[in-house]
Amino acid sequence: MENFDMTLIDWSRGQFALTAMYHWIFVPLTLGLTFIIAIMETIYVRTGDEKWKKMTKFWATLFGINFAIGVATGIILEFEFGTNWSNYSWFVGDIFGAPLAIEGIMAFFMESTFIAIMFFGWNKVSKKFHLTSTWLVAIGANISALWILVANAWMQDPVGMVFNPDTARNEMVSFWSVLFSPTAINKFLHTVTSGYVLSAVFVIGVASWFLLKKKDVVFAKQSILVASVFGLISALFLVWTGDGSARQIAKVQPMKFAAMEALWEGRTNAPLVAIGFLEKPAPPKTEGQYQEKEFAFKIEIPNMLSFLAFLDPNAYIPGVKDLVNGYTDPNTGQKVLSYSEKIALGKEAILTLKQYKEAVTAGNAEEAAALKAKFEDANWRDNTFRYFGYGYYSEDTKHGLLPSIPLSFYSFHLMVILSGHFLALFVVMLIFSLKNRLEKMKWLLYVGIWSIPLVYIASQAGWILAEMGRQPWVIQDLMPTLAAVSKIDAGSVQITFWLFAITFTTLLIAEIKIMLTQIKKGITGGH
Amino acid sequence: MFESLSLLALQQYWWVIVSILASLLVFLFFVQGGQTLIYTLGKTEMERKMLVNSLGRKWEFTFTTLVTFGGAFFASFPLFYSTSFGGAYWVWMLILFAFVIQAVAYEYRTKPNNFLGQRTFEWFLIINGALGTILVGAAVSTFFTGSAFSVNKLNLTNIFGEGSTTISAWEGPAHGLEAALNIQNLSLGLAIFFLARILALLYFMNDIDDENIFARSKKQLLINTVPFLVFFLLFVGLLLTKDGFAVIPEQGVDPLLWKVKMEPFKYLHNLLQMPLVLIIFLIGVVFVLWAIIGTLIGKCKHGIWAGGLGTVLTVFSVFLVAGFNNTAYYPSTYDLNSSLTIMNSSSSKFTLTAMSYVSLLVPFVLAYIFHAWKSINNKKIDAREMEEETHTY
Chain A
1 MENFDMTLID WSRGQFALTA MYHWIFVPLT LGLTFIIAIM ETIYVRTGDE KWKKMTKFWA
61 TLFGINFAIG VATGIILEFE FGTNWSNYSW FVGDIFGAPL AIEGIMAFFM ESTFIAIMFF
121 GWNKVSKKFH LTSTWLVAIG ANISALWILV ANAWMQDPVG MVFNPDTARN EMVSFWSVLF
181 SPTAINKFLH TVTSGYVLSA VFVIGVASWF LLKKKDVVFA KQSILVASVF GLISALFLVW
241 TGDGSARQIA KVQPMKFAAM EALWEGRTNA PLVAIGFLEK PAPPKTEGQY QEKEFAFKIE
301 IPNMLSFLAF LDPNAYIPGV KDLVNGYTDP NTGQKVLSYS EKIALGKEAI LTLKQYKEAV
361 TAGNAEEAAA LKAKFEDANW RDNTFRYFGY GYYSEDTKHG LLPSIPLSFY SFHLMVILSG
421 HFLALFVVML IFSLKNRLEK MKWLLYVGIW SIPLVYIASQ AGWILAEMGR QPWVIQDLMP
481 TLAAVSKIDA GSVQITFWLF AITFTTLLIA EIKIMLTQIK KGITGGH
Chain B
1 MFESLSLLAL QQYWWVIVSI LASLLVFLFF VQGGQTLIYT LGKTEMERKM LVNSLGRKWE
61 FTFTTLVTFG GAFFASFPLF YSTSFGGAYW VWMLILFAFV IQAVAYEYRT KPNNFLGQRT
121 FEWFLIINGA LGTILVGAAV STFFTGSAFS VNKLNLTNIF GEGSTTISAW EGPAHGLEAA
181 LNIQNLSLGL AIFFLARILA LLYFMNDIDD ENIFARSKKQ LLINTVPFLV FFLLFVGLLL
241 TKDGFAVIPE QGVDPLLWKV KMEPFKYLHN LLQMPLVLII FLIGVVFVLW AIIGTLIGKC
301 KHGIWAGGLG TVLTVFSVFL VAGFNNTAYY PSTYDLNSSL TIMNSSSSKF TLTAMSYVSL
361 LVPFVLAYIF HAWKSINNKK IDAREMEEET HTY
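Protein chains in written order, with this note's numbering: chain A, 1 to 527; chain B, 1 to 393.
Hint data in this document are derived by calculation from the structure and do not stem from the laboratory.
A hint or two may mislead.
As the list claims (entries may be wrong) - Cβ-Cβ distance ranges computed for the label pairs, FRET-style:
1) 124(A) x 6(B): 27 to 33 Å
2) 213(A) x 299(B): 53 to 59 Å
3) 213(A) x 112(B): 56 to 62 Å
4) 40(B) x 212(A): 47 to 53 Å
5) 501(A) x 335(B): 48 to 54 Å
6) 501(A) x 40(B): 45 to 51 Å
7) 212(A) x 227(B): 58 to 64 Å
8) 396(A) x 6(B): 44 to 50 Å
Stated by the list, open to error - In silico DSBU-like pairs for lysine-lysine, Cα to Cα no more than 35 Å straight-line:
9) 58(B) x 354(A)
10) 298(A) x 335(A)
11) 218(B) x 124(A)
12) 51(A) x 379(B)
13) 124(A) x 280(A)
14) 51(A) x 58(B)
15) 251(A) x 293(A)
16) 127(A) x 520(A)
17) 349(B) x 347(A)
18) 127(A) x 58(B)
We put the beta carbon where it would ideally sit given N, CA and C, even for glycine.
Construct the complete structure from the given sequences, taking the supplied hints into account.
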């Protein structure tokens with residue numbers, strides 16, 4: 001590891017995490033609120049009832065405030081792949097760049113064009129054109145999410161490419177494999193539906209406050225009705241896609257799966273930890289060893305983890321230790337390599353590339369052809385090259401191949417538990433909404449308001465699991481963060497980290513203050 | 001359709017697309033130019049409101065074009081993305097910072113309880129306008145002046161402590177800020193800055209129905225044209241007389257391995273050897289001058305169209321000079337053979353082909369943008385609209 005500047009890597013990771021997490025504060029609301037606004041405007045156009053128009057405009061104002069800061073935090077992310085992860089940009093730019101460009105061409109222009117009509121077109125275009133524009137903003141935002149999530153899914157489950165030793169990078173061979181990989185589909189559906197749930201909770205929370213204040217009561221009740229129906233459908237879909245995502249993780253990212261359940265020892269009939277607390281770890285036996293944390297307390301559902309992962313209660317789930325030390329699946333007899341073996345194969349792959357490049361430079365055509373043949377051999381690619389990224393580690397540093405187990409475990413469980421809460425919230429809100437008894441249920445309205453911070457926590461927890469659970473990989477098994485980073489001094493990254501931390505925090509405070517003021521004004525308070 | 005094209009043809013096609021996006025971006029910088037003029041042209045609160053709202057209905061196009069430009073460059077020439085962005089770190093970070101603060105400024109400027117106050121958000125717009133244009137201009141100028149960097153793909157294999165594993169490395173501590181010390185880079189940065197202000201003035205004269213703003217814009221047009229011409233001519237003069245970075249094609253050798261060497265008057269040669277590009281360049285310059293002169297001496301209010309078209313043509317031709325005719329478009333002064341060419345820095349044939357199909361969407365995008373804007377932009381902005389409109393900045 002002596003040639004890796006770990007301070008630089010940590011600060012670069014920190015900067016990316018900072019910008020991604022800030023961006024993700026604003027994006028989910030954009031994804032879902034547009035649909036809620038579009039539904040309300042559709043009711044307005046169909047019924048001609050002015051109060052639905054006022055309602056549409058009220059939520060659209062909040063949308064606009066949120067959208068602006070979402071745009072501000074988003075531009076950084078696109079360029080950070082180049083500024084901070086330059087090796088990554090070259091190593092997989094042939095695949096990763098395409099979705100980003102398509103996102104710009106297909107989605108961003110659609111959003112920015114029709115948002116203008118949504119805000120400025122009320123008195124200038126026909127009702128139907130305006131309504132179409134609002135729907136197109138919603139669709140544009142979600143298409144944008146599609147492409148960036150396809151890109152993200154590809155990092156977690158790289159498919160549809162081969163490595164070209166001449167250019168020293170991975171090159172796309174199947175666009176459709178990238179777009180329609182099961183990981184991409186699950187990730188897209190799960191992530192956007194989480195945005196819909198967040199938006200529904202946001203609308204319910206704000207409307208609950210109106211009801212408690214006895215302000216714009218009719219508006220608030222109708223908003224809750226629309227949001228709880230939208231939220232309930234989304235939450236059911238969220239559970240379904242979450243299930244699909246977990247199964248996909250078990251298949252392609254077994255370490256992330258073990259980490260999110262804090263499963264140290266593999267077993268058949270593995271139980272699912274419903275609730276658990278990890279105890280303080282014992283000090284590592286040797287410097288750099290991973291720290292094992294056992295449960296201080298846990299409630300388990302028998303066989304559930306095996307069933308969740310493979311739809312089979314008897315299925316074997318490898319634990320963290322099995323994945324590090326290698327194991328044989330007792331059910332299938334399939335042997336899985338240890339990290340030490342993968343490191344050796346990764347080094348072999350890297351050295352083969354080095355020898356090939358040197359042979360080409362030296363003009364040694366025969367040796368170059370022999371080495372190149374390895375890269376063209378599917379067997380060698382599947383059994384040696386696929387561990388390329390492990391080659392950057394050694395026996396002494398292989399603990400760096402583990403993600404943070406507590407962070408993965410807690411973020412996963414927090415997300416799941418809170419999702420259950422939101423599902424229940426939508427059901428209860430819908431029932432009392434239909435019975436027209438919301439105003440009397442003060443406790444429920446308070447729960448509605450307090451669910452707003454909870455849904456943001458759940459949403460962030462989901463991303464923390466997705467991104468921290470896959471560490472150290474920027475591209476699963478092929479490139480770790482330490483080989484992806486740009487060659488800049490850590491001091492520069494520290495400065496930009498704080499520059500953006502201060503800027504985003506300041507803008508977040510501004511956004512919240514503006515948002516709260518607009519909410520207090522209410523539906524009749526104008527813009 | 002695109003499958004039948006050669007890799008070189010696809011690389012050229014994508015260089016054309018990137019050049020078009022860059023030229024549209026410079027035209028759309030009128031938003032940035034306009035932001036630097038809000039206090040110069042707007043003497044009352046209502047005048048500033050009209051100016052900001054006039055720009056506020058366009059700023060997202062500039063922003064989106066910048067993002068798409070970045071995405072398209074990444075998809076088509078990823079080695080540029082990794083080399084320039086990872087190397088000239090500070091230049092790009094400052095550009096990004098300037099755009100971050102712009103994105104919230106319009107929406108939050110006049111919202112009650114906005115924490116920072118209206119003036120702060122207006123200064124965000126001014127900082128974006130000045131920093132964004134000057135730095136992008138200086139960064140683009142390095143396409144001709146070069147930067148000190150090295151590219152070695154073998155670095156990826158340095159797993160036993162032989163050195164850094166990073167392929168592209170900037171060979172200087174300033175990480176891009178050194179570009180500001182070069183007179184040619186500075187002259188293009190300032191030329192773009194004043195051009196953006198000129199375009200903004202032409203735009204305001206066309207878009208805002210207010211006598212005072214019109215009169216002040218006309219006066220400012222002359223004031224900004226003089227420095228624009230000085231810096232633009234300085235840049236062009238330096239460009240056409242300097243040595244350029246020429247790629248030497250070798251029959252039977254992989255273009256990835258072609259060498260780069262200095263050639264006297266390379267960029268002048270490029271213009272002369274590509275007469276169509278020269279014609280586009282000259283027409284572009286004439287259109288810009290025509291827009292300015294026509295507005296100054298006549299009563300023309302629509303100079304933005306000729307000025308905009310001229311800008312697009314000029315910038316487009318400058319990008320073709322940078323990348324075509326066996327020229328290294330992102331040259332390295334540290335190691336000539338590390339220079340980036342459209343041949344050695346592009347995506348694979350498969351990706352360029354797939355992306356080329358996506359590029360067919362662009363005319364549809366332009367068509368709906370045109371239609372949408374026509375339907376809400378058929379009337380000039382005036383004080384009355386600012387008072388009646390429910391959503392203003």
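Verification of the hints:
1. 124(A) x 6(B): 27 to 33 Å: Between residue 124(A) and residue 6(B), where Cβ atoms are some 48 Å apart, the hint is violated.
2. 213(A) x 299(B): 53 to 59 Å: For residue 299(B) against residue 213(A), whose Cβ atoms are near 57 Å apart, the range 53 to 59 Å holds.
3. 213(A) x 112(B): 56 to 62 Å: Given about 18 Å between the Cβ atoms, the range is violated.
4. 40(B) x 212(A): 47 to 53 Å: The hinted range 47 to 53 Å holds for residue 40(B) and residue 212(A), with Cβ atoms some 49 Å apart.
5. 501(A) x 335(B): 48 to 54 Å: 36 Å, violated
6. 501(A) x 40(B): 45 to 51 Å: 34 Å, violated
7. 212(A) x 227(B): 58 to 64 Å: Hint holds: Cβ distance 60 Å, inside 58 to 64 Å.
8. 396(A) x 6(B): 44 to 50 Å: 49 Å, holds
9. 58(B) x 354(A): Outside the cut-off at roughly 50 Å; violated.
10. 298(A) x 335(A): Judged against 35 Å, a Cα distance of about 31 Å means the pair holds.
11. 218(B) x 124(A): Holds. Residue 218(B) to residue 124(A) sits at ~30 Å (cutoff 35 Å).
12. 51(A) x 379(B): 29 Å, holds
13. 124(A) x 280(A): 64 Å, violated
14. 51(A) x 58(B): Distance of about 30 Å is within 35 Å: holds.
15. 251(A) x 293(A): 24 Å, holds
16. 127(A) x 520(A): Holds. Residue 127(A) to residue 520(A) sits at ~28 Å (cutoff 35 Å).
17. 349(B) x 347(A): Within the cut-off at roughly 29 Å; holds.
18. 127(A) x 58(B): 23 Å, holds
Of the numbered hints listed earlier, those contradicted by the structure are 1, 3, 5, 6, 9, 13.
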